[in-house]
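Residues in the sequence shown are numbered consecutively from 1, following full-length UniProt numbering.
These are computed hints drawn from the structure, not numbers from a lab.
Don't take each hint at face value.
Subject to a maximum C-alpha distance of 27 angstroms in a straight line, what follows is the list of computed DSSO-like cross-link-like pairs (lysine-lysine) [claimed, not checked]:
| # | residue 1 | residue 2 |
| --- | --- | --- |
| 1 | K109 | K49 |
| 2 | K22 | K32 |
| 3 | K118 | K32 |
| 4 | K109 | K80 |
| 5 | K109 | K70 |
| 6 | K148 | K70 |
| 7 | K80 | K22 |
| 8 | K70 | K147 |
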Amino acid sequence: MKKALLIIASFAFSITCFAQSKPVYDAALAKKLGADDYGMKKYVMAFLKEGPTQLKDSAANMQLQMAHLKNIGRLAAEGKLVVAGPFLDNQPLRGIFIFNVETVEEAQKLTETDPAIKAGALVMELHPFYCSAALMQVVPIHNTLQKKSMTN
Numbered sequence: 001m002k003k004a005l006l007i008i009a010s011f012a013f014s015i016t017c018f019a020q021s022k023p024v025y026d027a028a029l030a031k032k033l034g035a036d037d038y039g040m041k042k043y044v045m046a047f048l049k050e051g052p053t054q055l056k057d058s059a060a061n062m063q064l065q066m067a068h069l070k071n072i073g074r075l076a077a078e079g080k081l082v083v084a085g086p087f088l089d090n091q092p093l094r095g096i097f098i099f100n101v102e103t104v105e106e107a108q109k110l111t112e113t114d115p116a117i118k119a120g121a122l123v124m125e126l127h128p129f130y131c132s133a134a135l136m137q138v139v140p141i142h143n144t145l146q147k148k149s150m151t152n
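Could you put together the complete structure from these sequences and hints?
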């Protein structure tokens, strides 16, 4: 009898743990993150593409890459950049940025601060983007996960 009750209790507990519960709307968090009624917000997505200027000197290329990464860190710290990352297949499409701005014009001004853009090593193609406001949590969460900084 005890064994049967233990099995039933375990089964009931596992169903409870794996059951999908309806999320509870958090108005304060939605407002903080800039969410609309659907939990979404406007961003601008940038596709980083190989530019017309490719540095042959590996030391100069590494210096430019570090300056590019530091600019990414600065924009993220300012809350203007919520996602950034490279593609890993070594193609002309090099990576993406998702800017926390509403217009392509605002994003264009931010891209102009990037040393790799200034040098012509990268060009950016910008598009309005509508996605979950939860993206705004990526940078704070990432900061709790990284053991090392890519720029140090």
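Each hint, compared with the structure:
1. K109 to K49: Holds, at about 17 angstroms.
2. K22 to K32: 21 angstroms, holds
3. K118 to K32: 33 angstroms, violated
4. K109 to K80: 11 angstroms, holds
5. K109 to K70: 17 angstroms, holds
6. K148 to K70: 14 angstroms, holds
7. K80 to K22: Between K80 and K22 the Cα gap is close to 31 angstroms, so the pair fails against 27 angstroms, i.e. violated.
8. K70 to K147: Distance ~17 angstroms between K70 and K147 Cα, so the pair holds.
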